[in-house]
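Engineer: Sequence:
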Amino acid sequence: MLFADDNLLGYGNAYRTFSDGEWLILDANYRRAHLPLVNPWHSDVIAVDEDYRDGRYEATRYSLVLPVSDKRLRQTPPFSAIEQALMNASFSGKVAWDLLDKRKNLLHATISSGLGQNEIESLSSMLKVFMMTKPVKKYRLGGLFMGPVNTGRLYFKVYPGICDDGHVFGELQSLLGLKKTQFFLVGYYNLTDHLNLRETQEMADILKRFRHEILWEEEIRELWLLSTHDDLVLSGKRVHKISKPL
0 MLFADDNLLG YGNAYRTFSD GEWLILDANY RRAHLPLVNP WHSDVIAVDE
50 DYRDGRYEAT RYSLVLPVSD KRLRQTPPFS AIEQALMNAS FSGKVAWDLL
100 DKRKNLLHAT ISSGLGQNEI ESLSSMLKVF MMTKPVKKYR LGGLFMGPVN
150 TGRLYFKVYP GICDDGHVFG ELQSLLGLKK TQFFLVGYYN LTDHLNLRET
200 QEMADILKRF RHEILWEEEI RELWLLSTHD DLVLSGKRVH KISKPL
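Position 146, counted from 1, in the sequence shown is what numbering that gives the first Met the number 0 calls 145; the numbers after and before it change by one each time, with no gaps.
Check before you lean on any hint, since a few could be wrong.
[To be verified] Here are the simulated SDA-like cross-link-like pairs (lysine to any residue), alpha carbons at most 20 Å apart as the crow flies:
| id | residue 1 | residue 2 |
| --- | --- | --- |
| 1 | 243 | 220 |
| 2 | 137 | 244 |
| 3 | 178 | 226 |
| 4 | 103 | 219 |
| 5 | 207 | 22 |
| 6 | 127 | 169 |
| 7 | 207 | 84 |
| 8 | 240 | 62 |
| 9 | 101 | 86 |
| 10 | 240 | 132 |
| 11 | 240 | 61 |
| 12 | 137 | 212 |
| 13 | 70 | 100 |
| 14 | 93 | 24 |
| 15 | 236 | 68 |
| 16 | 133 | 219 |
| 17 | 93 | 22 |
| 18 | 207 | 5 |
| 19 | 179 | 4 |
| 20 | 243 | 66 |
| 21 | 70 | 98 |
| 22 | 178 | 115 |
| 23 | 240 | 68 |
| 24 | 127 | 117 |
Source of the hints: derived by calculation from the structure; they are not laboratory data. None of the values given here were measured: they were computed from a predicted structure.
Assemble the whole structure, with the sequences as input and the hints as a guide.
Structural biologist: This is the structure we're talking about:
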């Protein structure tokens with residue numbers, strides 16, 4: 000099966016690069032939604048902004064996601080190499096390692112966010128039909144990504160399989176009447192602080208080194224509808240699990 004690539008999706012022109020002499024500075028989005036949850040005592044935390052209060056929001060948000068197995072991730076050689084590189088880096092102490100265990104049971108790539116609570120039941124029914132409809136839907140889990148938004152978070156890229164209407168996730172968004180998006184990312188590592196010149200160069204080297212890795216390719220056998228009160232899904236709950244029959 001063919002899979003979407005960087006040019007078909009939004010990754011191609013969105014890779015975060017760093018010029019000579021540049022420091023990695025956590026951006027405003029990150030300091031509002033992520034930093035309060037991984038390092039609440041940092042002087043650059045944005046504690047109150049829009050509907051965020053200390054990294055959380057009162058109204059429940061719902062999203063459609065592709066679950067990703069943390070256990071399987073940790074069994075793949077490319078992942079082991081990535082994690083070892085981060086552990087050996089001079090900025091290793093600025094990685095929120097304790098966060099990984101807290102998030103492992105709800106690890107995912109978002110397909111569509113901003114769903115309404117009143118849509119959940121109808122979406123669940125349509126997703127069941129989608130999962131049973133041929134042909135087989137697949138995805139590829141790719142290498143590291145840091146983009147222009149949420150600078151400070153490292154993701155794994157997801158590449159949906161190609162289909163007649165573009166790619167599988169686009170087909171799913173159209174079927175459900177959801178907003179079309181071009182980024183499907185598994186948020187994994189978070190920084191707790193800005194990086195200095197040396198640390199930034201090391202980070203840039205790691206991002207470049209592991210950009211084109213392929214961790215696995217597999218059939219989409221399960222989708223989730225999640226609810227949460229924070230962008231790291233630490234308060235997340237699985238509202239519905241839609242599985243393909245064996």
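Engineer: Now tell me, hint by hint, if it's right for this structure.
Structural biologist: Outcome of the hint check:
Between residue 243 and residue 220 the CA atoms are separated by roughly 5 Å; this keeps the pair inside 20 Å, and the hint holds. Only pairs whose Cα atoms come within 20 Å are accepted, and residue 137 paired with residue 244 is accepted, the gap being roughly 15 Å. Note on residue 178 and residue 226: the hinted pairing holds, with a Cα-Cα distance of about 18 Å set against a maximum of 20 Å. Restraint check for residue 103 and residue 219: satisfied, since their Cα atoms lie roughly 19 Å apart, inside the 20 Å limit.
A hinted pair counts as satisfied when its Cα atoms are at most 20 Å apart, and residue 207 with residue 22 qualifies at roughly 16 Å. Taking the CA atoms of residue 127 and residue 169, the gap is near 17 Å; set against the 20 Å cutoff, the hint holds. Between residue 207 and residue 84 the alpha-carbon distance is near 12 Å, which keeps this suggested pair within the 20 Å criterion. Taking the CA atoms of residue 240 and residue 62, the gap is near 12 Å; set against the 20 Å cutoff, the hint holds.
With a C-alpha separation of about 19 Å, the suggested pairing of residue 101 with residue 86 holds against the 20 Å cut-off. For the proposed pair residue 240 and residue 132, the alpha carbon gap of about 17 Å is at most 20 Å, so the pair holds. At roughly 13 Å between alpha-carbon atoms, residue 240 and residue 61 fall within 20 Å of each other, so this suggested pair holds. Our distance criterion of 20 Å between C-alpha atoms is met by residue 137 and residue 212, whose separation comes to about 17 Å.
Straight-line distance between C-alpha atoms of residue 70 and residue 100 comes to about 11 Å, which keeps the hinted pair within the 20 Å bound. With a CA separation close to 13 Å, the supplied pair residue 93 and residue 24 stays within the 20 Å bound. Proposed proximity of residue 236 and residue 68 is supported: the alpha carbons are some 16 Å apart, at most 20 Å. A threshold of 20 Å between alpha carbons decides the hint, and for residue 133 with residue 219 the separation of about 12 Å falls inside it, so the pair holds.
Taking the CA atoms of residue 93 and residue 22, the gap is near 14 Å; set against the 20 Å cutoff, the hint holds. Taken as a hint, the residue 207 and residue 5 pair is honoured in the structure, with Cα atoms around 14 Å apart against an allowance of 20 Å. For the hint pairing residue 179 with residue 4, the CA-to-CA distance comes to about 16 Å; that is within 20 Å, so the pair holds. Taking the CA atoms of residue 243 and residue 66, the gap is about 13 Å. The hint holds against a cut of 20 Å.
A threshold of 20 Å between alpha carbons decides the hint, and for residue 70 with residue 98 the separation of about 15 Å falls inside it, so the pair holds. Simply put, residue 178 and residue 115 have alpha-carbon atoms about 13 Å apart, close enough for the 20 Å limit, and the pair holds. A distance of roughly 14 Å separates the Cα atoms of residue 240 and residue 68; the hinted pair therefore holds under the 20 Å criterion. Of the pairs offered as hints, the one joining residue 127 and residue 117 holds, with about 17 Å between alpha carbons and a cut-off of 20 Å not exceeded.
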